[in-house]
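Trainee: Chain by chain, the residues:
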Amino acid sequence: MVRMSQQSALISVACVSIFTSIICIGFGSVSIPIGLMFQSVREADGVHWTVLSQLRFPRVLVAFTSGALLAMSGCLLQTLLRNPLADPYIFGISSGASLGVLSALVFAVPSYSVALGFFGASLVIGLVAFMAHKGSDWNPYRLILTGVMVSAGLNALISLILVLSPPNMMKGMIFWMMGDLTYAEPRAWVGALIILIIAFGVIFGRALDAMSLGSERARAIGISVNRLEYAIYLLASFAAVAVVVEGGAIGFVGLVVPHIIRMTGIWCHRYLIPMSAFTGGALVVVADTMARSLWAPLQLPVGVMTALLGVPILIYLLNKRSDVRS
Amino acid sequence: MLEVNSLDVVVDGKVLLRDLSFIVELGQSWAILGANGTGKSSLLRLLSGITKPAEDDVFVEDVALSSFSQKSLAKEVGLLPQFEDHNYWGSVSEYVGLGRFAHAAGLFGQSENDQLITKKSLENFEIGNLSHREYRGLSGGERQRTRLASLMAQDPRIFLWDEPLENLDYSGQMKFLSWLVGIVSTRDKASMMVIHDINLVSRFFTHTLMVFPDGGYLAGVCDEIMNCKNLSTLYQTRFDQVMHDGASLFVPGF
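Line by line, the protein sequences give chains A and B.
Take 1 as the starting number for the first sequence in our numbering and just add one per residue.
Take 1001 as the starting number for the second sequence in our numbering and just add one per residue.
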């Protein structure tokens, strides 16, 4: 395999992801070829323009930002926990958010769902950080176990809500929990968060790289490990929250995308983080496009498609590379 | 230079070493001897500022370790721990370059000087030919040389090594120790090393710190405290002294 420099790899991935996403804007129950797309954007009028500006473009944008946030969140958490199985939901953030959003649905106050989801997830973020602490230290092991336990407890409550809720609401709830962008809206602060995390990854890239040696060694070469870990924890968590409150727990992107990129030989966080953003964004855009066009007008949950797309790619790469070790 | 003033080494609420006081000056090279589990590694962690003591008991030029930032401390005191996580994905030269973290002024990349020092460190430990290899793919000994080179690149004033000879072959051990003797005596550096090979101590070190199983300690010039009596108490094993080429060697008995 020709070894590209990391810079050119980043630029190619960025171009391919953006191009793919633009193509995906055209797909849906009404298919708009790319030529027609440019034409209606130029005219800024007509039925195609309405479909594009009101439906497609916001949808693709929200899919892209969700994927970008999830992939970066997963990447950061894998670094923080030194664990390849870490994903954005490992601490139960999605469960906390789900509990909030489902309560909003159950108590028939759907306009509060984002606020309640955000509240539930923030509570989990605080709770896990607080409980995983011992003195001034927290170690990855305790953090993972605490998160998994909080998550398990909340999932039990969610199951309880699902069982007790009226049957006509249950399908919507399950759909949402699998990850569903139908009602998601693009928001400016999500874009700001993406830029913030990319900047963090680029500026603290070397420190993040060194975290893979363990906190003791990282501290010995001069890294303020505690501060860095807090920053990672908060950024990764709120990235996940930003996605979950809008589009539910879209699975697999955060777990799979960083691995896919590392397996292609990119491991410096300075490149890994932005590349995760682009790849994750494109993956969710493609998955969401398939989810809404394969059985159109019926819509599938995007979370199902991300897994169906991500799993084969990762397994293929795992088999191709013989030298993947722990 | 490095002053320890009545320091207790406490691990999980248990006092391993009590009321430790000694001063390490530049140009001195200390060996730290002691049985397994007597708190040697924990002591090095305290001396390097990786763990914080209950009170300010460790000073670099009269300044308590706690008043340094992690980054400025890494230029004064550098520790190579015995263990670390091994999921580093980068190349050998990138690994060694991590040692320059505290010195790198810019946010992006390294200065020419950083790269030069990295290169020199690689060559010093004879791993220049491995510099583009993946760190994870190295053998145990090659990995250890890479680790040593990274602390050389960090270039602290006081080197702290936790069993650095592990996995090194004899030529590697001798070259490493001779290099260390060289820089300590000429470049205004100091070094402390946890080591189990007592017969290297008199040859390559100026001072010895013995930490006893009962929490007591003995610190001093090698010639004064390296003897069969102290070593026997230290390791709870009988030692015989034999002379070879004018130097004394210690042989453990049964």
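Source of the hints: derived by calculation from the structure; they are not laboratory data.
Because the structure is a prediction, the values reported are computed rather than measured.
Check before you lean on any hint, since a few could be wrong.
What the hints assert, rightly or not - Calculated Cβ distances over 12 Å to all of chain A for the following chain B residues:
#1 Q1070
#2 W1089
#3 A1102
Unchecked claim - Facing chain A, from chain B, some residues (calculated, C-beta under 8 Å):
#4 A1035
#5 L1079
#6 N1087
#7 L1098
#8 F1101
#9 Q1154
#10 D1245
What the hints assert, rightly or not - With the Cβ distance kept under 7 Å, some of the chain A side facing chain B (calculated, not the full set):
#11 F130
#12 G153
#13 T182
#14 E185
#15 R187
#16 A188
#17 V190
#18 A192
#19 R217
#20 R219
#21 G222
#22 N226
#23 M263
Quick reminder that beta carbons are idealized off the backbone N, C-alpha and C, glycines included.
Trainee: Each hint: holds or not?
Mentor: Hint by hint, here is what the structure shows:
1. Q1070: 5 Å, violated
2. W1089: At roughly 4 Å from the nearest Cβ of chain A, B/W1089 sits no farther out than 12 Å, so the non-interface label is violated.
3. A1102: Contrary to the label, B/A1102 does not stay out of reach of chain A, its closest Cβ about 3 Å off (not over 12 Å).
4. A1035: 22 Å, violated
5. L1079: At 4 Å from the nearest chain A Cβ, B/L1079 passes the 8 Å test, so the hint holds.
6. N1087: 5 Å, holds
7. L1098: OK, holds: B/L1098 within 8 Å of chain A, min 5 Å.
8. F1101: 5 Å, holds
9. Q1154: 6 Å, holds
10. D1245: Interface hint status for B/D1245: violated (38 Å vs cutoff 8 Å).
11. F130: Hint on A/F130: violated, closest Cβ of chain B at ~21 Å, above 7 Å.
12. G153: Violated, about 29 Å.
13. T182: Status violated, d = 38 Å.
14. E185: Not OK, violated: A/E185 not within 7 Å of chain B, min 35 Å.
15. R187: Constraint on A/R187 not satisfied, violated at 29 Å.
16. A188: 27 Å, violated
17. V190: 25 Å, violated
18. A192: Interface hint status for A/A192: violated (21 Å vs cutoff 7 Å).
19. R217: 4 Å, holds
20. R219: Result: holds, 5 Å to nearest chain B Cβ.
21. G222: 3 Å, holds
22. N226: 9 Å, violated
23. M263: Violated: closest Cβ of chain B sits about 10 Å from A/M263, beyond 7 Å.
Of the numbered hints stated above, those contradicted by the structure are hints 1, 2, 3, 4, 10, 11, 12, 13, 14, 15, 16, 17, 18, 22 and 23, listed in ascending order.
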